[in-house]
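Using the sequences provided together with the hints, build the complete structure.
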Amino acid sequence: MRLMATSDKPKRTLIGQKQSKLLTDLLVYVVLSVVGVIFIMPFAWMVANSFKDIRGIYTYPPTFIPDVWRFENYTEAWSMTHFDAGFLNSAIVAAAVVFGQLLTASLAGYSFARLRYPGRDKIFLLYLSLMMVPFTVLLIPLYVQMRAFGWISTLQAVIVPFLFTPWGTFMMRQFMVTIPRELEDAARIDGCGFFRTYWLIILPLTKPALATLAIFTFVNTWNSFQWPLIVLGKPKVKTLPLLLASFQNQSGMRTPWHLIMAAATFVVIPVLIAFIVGQKYYVRGIVTSGIKGGA
Amino acid sequence: MIRKFALLITVLALLSFGFLASAQDMMDWTCGMVDGDTAGAITITGWEGPGEVDKFLLAFDEFFGEYYPNVEQILNTGVAWGDYWTTLPAQLAGGAEIDMAWMHDTRNDTFAANGWALNLDSYLEACPIPGWPEMFVASQVDAFNFEGSQYAIPYDLAPGGLYINLDLFEAAGLEPPGEHTTFEEFTELAIALTEDTDGDGSNDIWGISNLASVGRGAGGAYWIIKSFGGELFNETNTASEMNSPETIAALQWLADLLWDSGAHPTADSVAATGFTTEFLFANGNVAMHYALNDAASRMWELVGDSFNWTVVPTPTGPAGRYNFIGGSAFSIPTSAAHPDLSYELIRFTLANPDHLCRTAAMGAALVSQSEFHDCAAPDDAPYADAYHEVFSVIGARDGVHPAYHPKYLEWETSVWISNMDLLWTGEERDAAVVVQRAHDQTNELLGG
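Top line first, the protein sequences correspond to chains P and Z.
Note that the working numbering has the first sequence beginning at 2, numbered continuously upward.
Note that the working numbering has the second sequence beginning at 683, numbered continuously upward.
Among the hints, erroneous ones may be present.
As the list claims (entries may be wrong) - Under 8 Å between C-beta atoms, here's a sample of chain P residues computed to sit facing chain Z:
no.	residue
1	Y59
2	L140
3	I141
4	R148
5	L230
6	S247
7	F248
To be verified - Stretch-level coverage of chain Z by chain P, calculated; a stretch enters the list once three of its residues show a Cβ under 8 Å from a Cβ in chain P:
no.	stretch
8	755 to 767
9	774 to 783
10	946 to 960
11	1099 to 1106
These are calculated hints, taken from the structure and not from any lab test.
For every residue, glycine included, the Cβ atom is placed at its ideal position computed from N, Cα and C.
Structure follows, in structure tokens:
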């Protein structure tokens, strides 16, 4: 009996622990599922409304599933404005800015992390302090600059000012300081200069940080609205968020919400793909830098 | 032979007449300031989006097609209202070469005072707009006049009125209000029509909606303040006159509709439905809905044949009858590359009788030339007669709006909205308390 009793106790404890863990996991999953549903609702609502007719949008009380399914909303929305040009413009701008920021941020990050020169840390702090300047303050000076360059209503105006990023530089530097110095020393012994070391040793090792920066930059650039709105006046150079916003009318009742929802759905697809592909880097970026989104 | 000769003479006469007519047309709609062979691009920006802006785009196409075929139009229209008023000042402060810009009466003085909008007096003198200013509604001409100079040419006027669900009135055995209905009678009607149909303790049919809402500018209440005999500023706009008993009484009347009688839906009850009050009216949940004239065509589309409705004038107060009036206009920025061409375009668009009726009908807003007011409501629209009476006649006659001085926008957001929202959200229910605070802040801002 005694033996039984002593052998039963840990078993019960083990079962109790398992049950407790199961219960905790269940609770966590339930909470996460509820939060997940709350977060996905606006997206699901957008997709559901993209298949309704205008009366379906205004039905009270609102219904989630459309009474009449209008698949033609997508073709109508596409043909309402220059979405083909918009996709191309957004793709060019996003690709150029992503490429530019990866190059400049990694070079600057390498410089601030590894090179030794007088005033390096002060320059780094000065560069970082630019993150504290609200973009609104820069709107007019930047516009004057773009006008002087003759870049108003050109894609250069939404690409060039965003090729440099203090936030990206900060993130790259933080990542690069964790790379063992021995690797660089070995490269130097093998005859590599600063740039070859950067290109052949450091850059391949910073792929996770580069991927994180690429995803953040892509999402931010793809969704960028205020600056493009100010500087891109010609319809054919407009990016997707501007085209989407142009569907709206001063009067909400005249706005074709069903078409806007359809357009918003196909506009968001590239961002969704980018997020799904690079989800782990996105999360890592928040962990590494403590900041959600740059620029 | 004689018949051939007569035919030849007729053809020649017709050709001559056509030539003379077109020559006359050329004289009328160009001012001789711009060479007909001019090539280049004219940049136009505005907030009106697809469907709304078409009425003007047709006129623009006709103008350039006929007089300046080598000029390309760069249209940046459909900029959302809020975004428009943040981007346009940034663009103009940065020297953007925008040739023509949509302007609103609430912003005109700010743009003029900042030197962003061109003074149009010399243009109006050198090449007068036919019918200017006598055929334009005086309040709208005045709304775009700053310190005695004209800075924009109005293209519409937007008076306020009441949209009435006749079926709800009939079911309650009540008569809709009229021009001479007093505020007391109006309040009684609103209360009588308010109903909790499902008995769940909260109203689902309201007597009146859209008189007060969170974030609403002062224009929405100014006509009520005037009706009660109150005022916002002194004549020179240098000091507040808000703390008069009349202004307080007007605002207390509004607050009581929300919090005392419950005849007006609160912001929370509207938000709970997921719609705006306009949709609530269209769904049959509101008996009287306050809105501007441009809501009529939308109501026609949305209500369909769900219920009978019409429009009536807003009530008469102890100090007389007033209704809100607002409007938009076309302006030429000071940094425009082609101001002469822009002026000719504005002149053609807003004064050519060949297309004004079409413009009014397509926008369902009144073009600022009184003889075309009737075009705004289609003849077959059931509300056409009432629309004409309420908006074109009474609305234009009794229209008032606050004095839109250069500090108006700053005042509206930092003083009016921030204080009045306390009343509309129920955080403070005594209008005198809110008004006194707003009065002090106004004097601080205006230096009075």
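Here is what the structure says about each hint:
At its closest, the beta carbon of P:Y59 sits 6 Å from a beta carbon of chain Z; the interface hint therefore holds under the 8 Å criterion. Taking 8 Å as the C-beta cut-off, the interface hint given for P:L140 holds, the closest approach to chain Z being about 5 Å. For P:I141, the interface hint holds, since its Cβ comes within 8 Å of a Cβ in chain Z; the closest pair sits about 5 Å apart. Below 8 Å, beta-carbon pairs count as interface contacts, and P:R148 has one with chain Z at about 6 Å; its hint therefore holds.
Contact between P:L230 and chain Z, as hinted, is supported at the beta carbon level, the nearest pair being about 5 Å apart and thus within 8 Å. Proximity of P:S247 to chain Z holds as hinted, the smallest CB-CB distance being about 4 Å (cut-off 8 Å). A hinted interface residue such as P:F248 counts as satisfied when its beta carbon comes closer than 8 Å to some beta carbon of chain Z; here the least separation is about 7 Å, so the hint holds. As drawn, the stretch 755 to 767 of chain Z meets chain P at 9 residues by the rule of a beta-carbon pair under 8 Å; at three or more, the given contact holds.
By the rule of at least three residues with a Cβ nearer than 8 Å to a Cβ of chain P, the coverage given for the stretch 774 to 783 of chain Z holds, with 6 such residues. Residues of the stretch 946 to 960 of chain Z with a Cβ under 8 Å from some Cβ of chain P number 5, which satisfies the need for three, so the listed coverage holds. Residues of the stretch 1099 to 1106 of chain Z lying with their CB closer than 8 Å to a CB of chain P number 0, which falls below the three-residue condition for coverage.
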